[in-house]
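Residue numbers (this note's numbering), protein chains in the order written: chain G, 1 to 303; chain P, 1 to 292; chain W, 1 to 294.
You can trust all of the hints, since none of them are fake.
Derived, one-sided and incomplete: chain P residues facing chain W with beta-carbon distance under 7 Å:
| id | residue |
| --- | --- |
| 1 | Glu41 |
| 2 | Ser42 |
| 3 | Asp185 |
| 4 | Val186 |
| 5 | Thr187 |
| 6 | Lys190 |
| 7 | Arg197 |
| 8 | Leu214 |
| 9 | Gly215 |
| 10 | Ala239 |
| 11 | Pro263 |
| 12 | Gly266 |
| 13 | Val270 |
To list a few chain W residues with every Cβ distance to chain P over 10 Å, as calculated:
| id | residue |
| --- | --- |
| 14 | His48 |
| 15 | Asn94 |
| 16 | Ile95 |
| 17 | Pro105 |
| 18 | Arg128 |
| 19 | His138 |
| 20 | Asp143 |
| 21 | Asp146 |
| 22 | Pro161 |
| 23 | Leu162 |
| 24 | Asp166 |
Simulated DEER-style distance windows between Cβ atoms:
| id | chain 1 | residue 1 | chain 2 | residue 2 | range |
| --- | --- | --- | --- | --- | --- |
| 25 | G | Ala185 | W | Leu162 | 32 to 40 Å |
| 26 | W | Arg219 | G | Trp144 | 53 to 61 Å |
| 27 | P | Thr60 | W | Lys264 | 52 to 60 Å |
| 28 | P | Asn84 | G | Ala185 | 37 to 45 Å |
| 29 | G | Met188 | P | Arg62 | 39 to 47 Å |
| 30 | P | Ala239 | W | Ala216 | 33 to 41 Å |
| 31 | P | Gly236 | W | Pro266 | 34 to 42 Å |
| 32 | G | Met188 | P | Glu273 | 47 to 55 Å |
Because the hints were derived from the structure by calculation, they are not lab data.
C-beta: ideal position from N, C-alpha, C; glycine also.
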Amino acid sequence: MDETVSLFEATEVIQAQSGRGWRRRLRTLVTEPKIAIGGGFVFLLAIVAILAPYIAPHNPLDQDLMATALPPAGFAGAESGYLLGTDNLGRDVLSRLIYGTRIALIVALVAAGLAAVVGTTLGLLAGWYRGAVDAAISRLVDIWMSFPPVLLSILLVAVIGSGVTSVIAAIAIIDWTRFCRVIRAETMAQAQQDYVLAARAVGYRRLRILFREIFPNIMPVLLALVSLEMGIAVIVEGILSFVGLSVSSDTPTWGGMIAEGRQYLHQTWWVLAAPLAALFATVLSFNQLGEGLRRALDPVLRR
Amino acid sequence: MTNPILRISDLNAISDLDGRPILRGVSLDVAPGQTLGLVGESGAGKSTIAKALLGILPRTVRIASGRVVFDGRDLRELPERELNRIFGDQIALIPQDPLTSLNPGRRIERQLTDGLRLRRKLPWRQARIRALQLLEEVRVREPERVMRSFPHELSGGTRQRVLIAAAFALEPKLIIADEPTTALDVTVQKQVLRLMRDLQTHHRTAIVFVTHDLGVVAQICDRVTLLFEGRVVESGTTAEMLETPKHPYTKALIAAGPRYDRPDAGLQPVGDEIINALRADIVASDGRESHA
Amino acid sequence: MPCERISSRLTEEKVMPETLIAANGIEVVYRARRRAGRGEIGGVKVLHGVDIYIDRHETIGIVGESGSGKSTLGRALLRLTEVTAGSITFEGRNITHLPDSQIVPLRRRMQMIFQDPMSSLNPRRSIRQILTEPLLFHRVATDKADANRRVRRFFERVALPLSCLDRAPHELSGGQRQRVGIARAALLEPDFVLADEIVSGLDVSTQAQTLNLLKALSREMGLAMAFISHDLSVIRSVCDRVYVMRHGVIAEHGRCDHVFAQPKDPYTQLLIDAIPLPRIDPGWLTRGTDGGNQ
Numbered sequence: 001m002d003e004t005v006s007l008f009e010a011t012e013v014i015q016a017q018s019g020r021g022w023r024r025r026l027r028t029l030v031t032e033p034k035i036a037i038g039g040g041f042v043f044l045l046a047i048v049a050i051l052a053p054y055i056a057p058h059n060p061l062d063q064d065l066m067a068t069a070l071p072p073a074g075f076a077g078a079e080s081g082y083l084l085g086t087d088n089l090g091r092d093v094l095s096r097l098i099y100g101t102r103i104a105l106i107v108a109l110v111a112a113g114l115a116a117v118v119g120t121t122l123g124l125l126a127g128w129y130r131g132a133v134d135a136a137i138s139r140l141v142d143i144w145m146s147f148p149p150v151l152l153s154i155l156l157v158a159v160i161g162s163g164v165t166s167v168i169a170a171i172a173i174i175d176w177t178r179f180c181r182v183i184r185a186e187t188m189a190q191a192q193q194d195y196v197l198a199a200r201a202v203g204y205r206r207l208r209i210l211f212r213e214i215f216p217n218i219m220p221v222l223l224a225l226v227s228l229e230m231g232i233a234v235i236v237e238g239i240l241s242f243v244g245l246s247v248s249s250d251t252p253t254w255g256g257m258i259a260e261g262r263q264y265l266h267q268t269w270w271v272l273a274a275p276l277a278a279l280f281a282t283v284l285s286f287n288q289l290g291e292g293l294r295r296a297l298d299p300v301l302r303r
Numbered sequence: 001m002t003n004p005i006l007r008i009s010d011l012n013a014i015s016d017l018d019g020r021p022i023l024r025g026v027s028l029d030v031a032p033g034q035t036l037g038l039v040g041e042s043g044a045g046k047s048t049i050a051k052a053l054l055g056i057l058p059r060t061v062r063i064a065s066g067r068v069v070f071d072g073r074d075l076r077e078l079p080e081r082e083l084n085r086i087f088g089d090q091i092a093l094i095p096q097d098p099l100t101s102l103n104p105g106r107r108i109e110r111q112l113t114d115g116l117r118l119r120r121k122l123p124w125r126q127a128r129i130r131a132l133q134l135l136e137e138v139r140v141r142e143p144e145r146v147m148r149s150f151p152h153e154l155s156g157g158t159r160q161r162v163l164i165a166a167a168f169a170l171e172p173k174l175i176i177a178d179e180p181t182t183a184l185d186v187t188v189q190k191q192v193l194r195l196m197r198d199l200q201t202h203h204r205t206a207i208v209f210v211t212h213d214l215g216v217v218a219q220i221c222d223r224v225t226l227l228f229e230g231r232v233v234e235s236g237t238t239a240e241m242l243e244t245p246k247h248p249y250t251k252a253l254i255a256a257g258p259r260y261d262r263p264d265a266g267l268q269p270v271g272d273e274i275i276n277a278l279r280a281d282i283v284a285s286d287g288r289e290s291h292a
Numbered sequence: 001m002p003c004e005r006i007s008s009r010l011t012e013e014k015v016m017p018e019t020l021i022a023a024n025g026i027e028v029v030y031r032a033r034r035r036a037g038r039g040e041i042g043g044v045k046v047l048h049g050v051d052i053y054i055d056r057h058e059t060i061g062i063v064g065e066s067g068s069g070k071s072t073l074g075r076a077l078l079r080l081t082e083v084t085a086g087s088i089t090f091e092g093r094n095i096t097h098l099p100d101s102q103i104v105p106l107r108r109r110m111q112m113i114f115q116d117p118m119s120s121l122n123p124r125r126s127i128r129q130i131l132t133e134p135l136l137f138h139r140v141a142t143d144k145a146d147a148n149r150r151v152r153r154f155f156e157r158v159a160l161p162l163s164c165l166d167r168a169p170h171e172l173s174g175g176q177r178q179r180v181g182i183a184r185a186a187l188l189e190p191d192f193v194l195a196d197e198i199v200s201g202l203d204v205s206t207q208a209q210t211l212n213l214l215k216a217l218s219r220e221m222g223l224a225m226a227f228i229s230h231d232l233s234v235i236r237s238v239c240d241r242v243y244v245m246r247h248g249v250i251a252e253h254g255r256c257d258h259v260f261a262q263p264k265d266p267y268t269q270l271l272i273d274a275i276p277l278p279r280i281d282p283g284w285l286t287r288g289t290d291g292g293n294q
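Hey, can you work out the whole structure from these sequences and the hints?
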């Protein structure tokens, strides 16, 4: 109520901004630096992952015992053809890195997606219907979150067996609670807003109000959370493959490469450095993307 | 007016974002111990003037020219150290929203004694006694209980009284009251207005009362300055402005308000011709300014 | 369904069949959600047995200070808040505990305008969507084209530029948003409109414009209106009858001119005295309240 409104504002014509609604919004989104840089890198990763067979210089599994422990280009003893050097088995680090991107992104997308779907649905229902539904779901979340995550993932892998599926399952099963909590809080906050009351006054049914009125306002938070979750998923995958719980040791993963690289750190430090850098850059990009999305989409309300 | 406590001369302020003028040659005087009503619709610039007088202008607003002479000294020429001694001490604020203006995590006694301990170097016990006296002056019931309370435990009226007490605590020469009763119930508003009047008489403080409510102005202000889009439209004593307004905009604003004593009068929207004429005036004088 | 007459509603002013909405003995309790063992603890009673009625085509005012329960009463009448006791009837039909499926068609006929046009318009929808969807939902419009036509006609009526239609609410000025709020209610061609503090916080000239628009619309469309406000002057200028509320009860009610000329309840007198008028009145400040803290 501290914003009084003047007649003169009311009769003024609002300056038309160029372009129609969604195109304009898309443009503002894409030019936001965090989204451009973060999103750009993620897009790049996706291309790399998809085109891996075509851009990887070597087969990641090929061992060349005549070319073991070669340093990356620019260092003494490097050989052309192995841009990032080779590991102690003569495998090309760059190719392994490129193929590792596939695992990382698949895990990121599917795990984050699953966690988001489950967590958001339950969060929406809990926040909107309140009462017994909320009590049950909140209790579930509380109990679920009291399990140590690492233990849970090890348990899962022991049951399902190692592999991409169990990694994805482990992440989704643990992290859906994060979504549930946040989305529930957001839903409750939105439910207090007058536009929800207005929707009820029109006579829309409760479920319709939840999905058609409230959910679009939850989207910014959700998108930001999903981006963050993808970063987390990549790290968790790294951890799991580091401890050997992820995919079989043949398929290259960044975490696996880090584990191997750690063993021969003093001889072949590049085997550790490359996947570490890739991990770092990827998570950073997801975080920036998420942060940028949150900032770009939210100010709609605050203007 | 001889020896006004505050004299603003030809103040011009510009927005750094788009170069838009926010204040256009504003001049006004406040006599010691008197209340000046600063009236206008939103965007008129009254908040900007209030903030300038308290040193809390947003960084995007820049004072381009003009003088702000307080107690004989031009505030625009003083070094920062001097200004810090004036703002919050000799010029105090009664803010608009009592809910958000008090720190929700600190008890009232802490917040009331802050200024006394910081600025007057009073030891805690003395400051607390003084704070209690202030609460009694603003006619708060159970002052001891209020002292020990947190803001959310008090009613809106009580919170506003606490803020008034805080404003008068350091015996300022000038108080800026920024719509202090807008958020209050009408019965509470009347009590608070009466309190402010009594305190002003007792402490001989000058008040700049920012408001958009002409009714409040009529009851509590000695003089009135009416603003429109940063420019002074008319000013004079309250009686002159309300009973014999000269400018058509002033007349229109008075006629726009609803009147319970005259239900068939009032609710006349301000005519477009008046606004257009005012705007044309502004454009013309802006043009003169930029060519000067 | 048998028509229920409200026997307690005896007044010397109106004939019963004209009544559109009537409420008797309304009590509303906001429950404090505490799961301490069984049952709920606490709960604030906001309305303590309120009787109110609104006739067709008339505009009533509900005035009170904060905590008086006026907003709650308004929402109770619209069945947007559950009543814990009492009955509400619409055109003689008891709607107090009507299930959702039967309430929905009635909703078209009783609409609401909100105080804050910023938060009452979904920030993620365009104005066009906000206005046309209810028309289609209630089948006031036959199809999208018809809905758009109606919206455009109304925009002309209230002098809103058509360019607003494809914008989001935050891109409009406050006065425009307020008029969109009015449009949303009026487009459904309701019988009754509840206006909840719709001019608080508006500049006096915008307030005048909005109130005049509302008065004109209500005349043209034959609306019954309940106008909630804390501002007695506004109520006086807009309403035929007034209900004065305090702490969840009706302190006084009657025709505006009677109540203002000769208030029966001291609280009403207090409220009237507390309004500062834009005229010189030296005794005003010291009259009435003793200046003590309430």
